[in-house]
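These protein sequences, in sequence, are chains A and B.
Be aware that the first sequence starts at 1, since it is given in this note's numbering, and climbs by one per residue.
Be aware that the second sequence starts at 79, since it is given in this note's numbering, and climbs by one per residue.
Just to be clear, a hint being listed does not mean it is correct.
[Unchecked claim] Partial list, derived from the structure: chain A residues whose beta carbon lies under 7 Å from chain B: (1) 16; (2) 18; (3) 21; (4) 22; (5) 25; (6) 34; (7) 51; (8) 52; (9) 56.
Honestly, the hints are just simulated from the structure, not real lab data.
Small disclaimer: the values here were computed from a predicted structure and weren't measured.
A virtual CB, placed ideally from N, CA and C, is assigned to each residue, including glycine.
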Amino acid sequence: MTDMEPDETVDARGAACPGPLMDLIGAIRSADSGEVVRLLSDNEQSLSDVPEWAEEAGNELRAVEELDDHHEFYVEKA
Amino acid sequence: MTEHVVIVGGGTGGSVLANDLADRLEPELDAGDVRITLINDDADHVYKPVWLYVPFGQREPDDGRRPLEDLVDDRVDIRIDRVTEIDTDAERLESMEGDDTIEYDHLVLATGSTLVPEEIPGLADGGHDYYSESGAVDLRDELLSLTEGRLVLSVVGTPHMCPAAPLEFVFMADDWLRERGLREDVEITYTYPIQRVHGNPHIAEWARPIMEERDIDVETFFNAESVDPEAETITSMEGTELDYDLLVTIPPHAGVDLIEEAGLGDDGWVDVDKHTLEAEAAENVYALGDTADTGVPNAGSVAHYQAGVVGQRLASEIRGRPATATYDGKTLCFIETGMDAASFVEFDYETPPAPAPPSEKLHWSKLAYNEAYWLTARGLL
């Protein structure tokens with residue numbers, strides 16, 4: 001388990017693709033540099049969408065946590 | 079006691095539902111047991127798909143407007159007003175006009191989408207759109223004067239109204255410019271926020287090869303961060319900068335503030351059960367169309383089918399019976415692939431779309447539906 005404290009959490013559980021990624025992008029858009037956004041998603045596509053986008057945008061995917069019914073992605077804004 | 083059904087919003091969802099209920103609840107309306115009020119902040123009903131054709135000179139904005147009074151059943155009270163507050167505990171609404179509060183027994187929110195270009199610096203000044211009447215008219219002037227350079231179509235935000243419309247615009251622009259002998263002098267670039275050209279992977283897989291065949295450049299993972307109208311550039315969060323001579327965008331969308339203020343959901347979208355369309359945070363409240371956060375496309379066909387479901391459920395509730403009708407995610411959509419060809423998709427929560435081969439017949443079917451739409455709004459089709 002990560003002990004990282006996110007600055008903001010986006011709960012996209014239940015959203016269809018590309019909803020979770022777009023919710024994350026929206027939160028990162030309004031975040032300040034260095035802030036960490038936590039995305040909660042139960043969409044399997046997020047496991048590839050989020051790392052690919054984070055790399056493309058130059059943000060850092062700090063951690064991915066697997067929980068019982070969803071994943072948590074911690075993304076730090078560059 | 080008379081039960082009061084209040085519908086907020088006179089777009090496709092609100093109008094179809096009002097007419098559906100007027101028909102379905104005829105005995106109760108005649109007996110005075112039920113009354114229905116439709117509240118809209120414009121005296122006209124607007125059929126927004128017409129705007130796609132305005133920049134190409136094929137339709138006029140007035141083709142997409144009809145007075146609500148002409149479309150909605152006489153047994154429905156139409157109130158031209160803007161709702162300013164929803165109190166779901168007291169089951170009443172406040173509005174701008176008049177001093178009275180509006181009490182309801184059943185509330186349906188069909189307030190639709192609004193455009194918020196101001197979220198992206200420079201977008202309002204540098205970008206054009208066909209998601210508003212004025213935008214479509216301005217874009218027509220710009221498109222007619224474009225004879226060379228780069229046309230950029232950028233999907234800035236999702237969800238947005240009519241997810242197929244950005245693809246339709248570039249396919250139509252490509253064909254229209256070819257017909258005018260200008261295509262070799264105008265580059266077309268399409269940008270999309272995620273790693274494919276459409277949110278739905280099946281539609282994306284279908285559209286991408288067509289774009290390659292027609293020499294439409296694609297930039298994926300492009301989330302617009304700012305527009306510089308003077309330098310004529312658009313820059314993404316991912317660090318890509320594109321020059322443009324004509325920038326057409328799908329602006330960011332939002333719902334209406336009063337939904338978030340009422341605690342019904344974020345960004346103006348109501349959190350609902352995606353099958354029953356009942357609000358999760360309040361009793362006796364439904365949402366439909368763009369307003370309902372179901373994950374299905376923001377499309378007129380969705381609002382149409384959802385209105386039928388809500389109509390059946392409300393009639394059951396008013397008659398003291400269990401409400402059994404549910405929405406299965408059904409969506410129908412024509413997709414223009416040029417000036418005289420179109421595809422068609424049909425899908426639901428369980429069944430993915432499989433776009434039909436583009437044909438002239440489907441194009442004419444789409445134009446025929448656009449004409450027949452007024453029968454849909456009346457609840458007849």
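Do the hints match the structure? See the list:
1. 16: Since chain B brings a Cβ to about 4 Å from residue 16 of chain A, closer than 7 Å, the hint holds.
2. 18: At 5 Å from the nearest chain B Cβ, residue 18 of chain A passes the 7 Å test, so the hint holds.
3. 21: With Cβ-Cβ at 6 Å, under 7 Å, it holds.
4. 22: 5 Å, holds
5. 25: 5 Å, holds
6. 34: 16 Å, violated
7. 51: 11 Å, violated
8. 52: Given a least distance of 6 Å, the restraint on residue 52 of chain A holds.
9. 56: Since chain B brings a Cβ to about 4 Å from residue 56 of chain A, closer than 7 Å, the hint holds.
Checked against the numbered hints above, the structure breaks hints 6 and 7 and satisfies the rest.
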